[in-house]
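Visitor: Sequence:
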Amino acid sequence: MSDELISKKELLELASISYGQLYRWKRKDLIPEEWFIRKSTFTGQETFFPKEKVLERIHKIQTMKDNLSLDELADMFSPNISDLKLEKDELVTRNIVSKQVMDIYMEIDKGNLQFTFSRIIEVYVLEKLLQSGDINLEEGKMLIQVLKENTQLIKQKKCEVVITRKLGVSSCLLLINSEGFHFEQGTKVVTVLSIMTCMEEIKAKLL
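First residue of the sequence shown: 1, per my numbering; consecutive thereafter.
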């Protein structure tokens, strides 16, 4: 997502929300603390937000708040790994993953047919990147290996998957709480995917 910032005043006007709503959502952890960015301006200290992320989050809150309580929304946006377990076929039935990508995942993973939330994240990330055409099958295998080796890291609030290529060689890495990254010249950043966003999408599909 873009690093463009939006001021608090602009956000309240653009999203048609009040100061009270914004900070009530903050207290409920619907909007992460780290998105409230204090910066010095010519008028003094002002609060800014990552524009795309905060507008997308507010849109989700406004869309769902009539059907879910704030506590239920907070649980959905929480990055915590739950005790959820689903059968392989149920993930396909609920349109969390396609049958084709599920078959590919099972070839790579060769695990049992019951999926913990960690494995659901793995197959969902694979689904998104294969269906978008961002990665090929070999890169998919590398992706799953990296996710499996770092199961605890993907529980972090701000974890992103980054796929790069240089001279035909692909790399997959996880960034935790990164404010930016730089690679050597000639490296192409193929995709950057937020694990937290994937978790939210999965939970929304399960509601």
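These are computed hints drawn from the structure, not numbers from a lab.
Where hints are given, some of them may not hold.
[What the hints assert, rightly or not] With a straight-line Cα cutoff of 20 Å, these simulated DMTMM-like cross-link-like pairs (lysine to aspartate or glutamate) come out: (1) 188 to 109; (2) 205 to 56; (3) 88 to 201; (4) 128 to 109; (5) 26 to 72; (6) 53 to 87.
Since the structure is predicted, the reported quantities are computational estimates derived from the model, not experimental observations.
Visitor: Now look at each hint and say whether the structure bears it out.
Guide: Against the structure, the hints come out as follows:
1. 188 to 109: Given pair residue 188, residue 109 is violated - Cα atoms ~28 Å apart, limit 20 Å.
2. 205 to 56: Status holds; Cα separation ~17 Å.
3. 88 to 201: 18 Å, holds
4. 128 to 109: At roughly 17 Å apart (the allowed maximum being 20 Å), residue 109 and residue 128 satisfy the hint.
5. 26 to 72: 14 Å, holds
6. 53 to 87: Roughly 32 Å separates the two Cα atoms, so the pair is violated.
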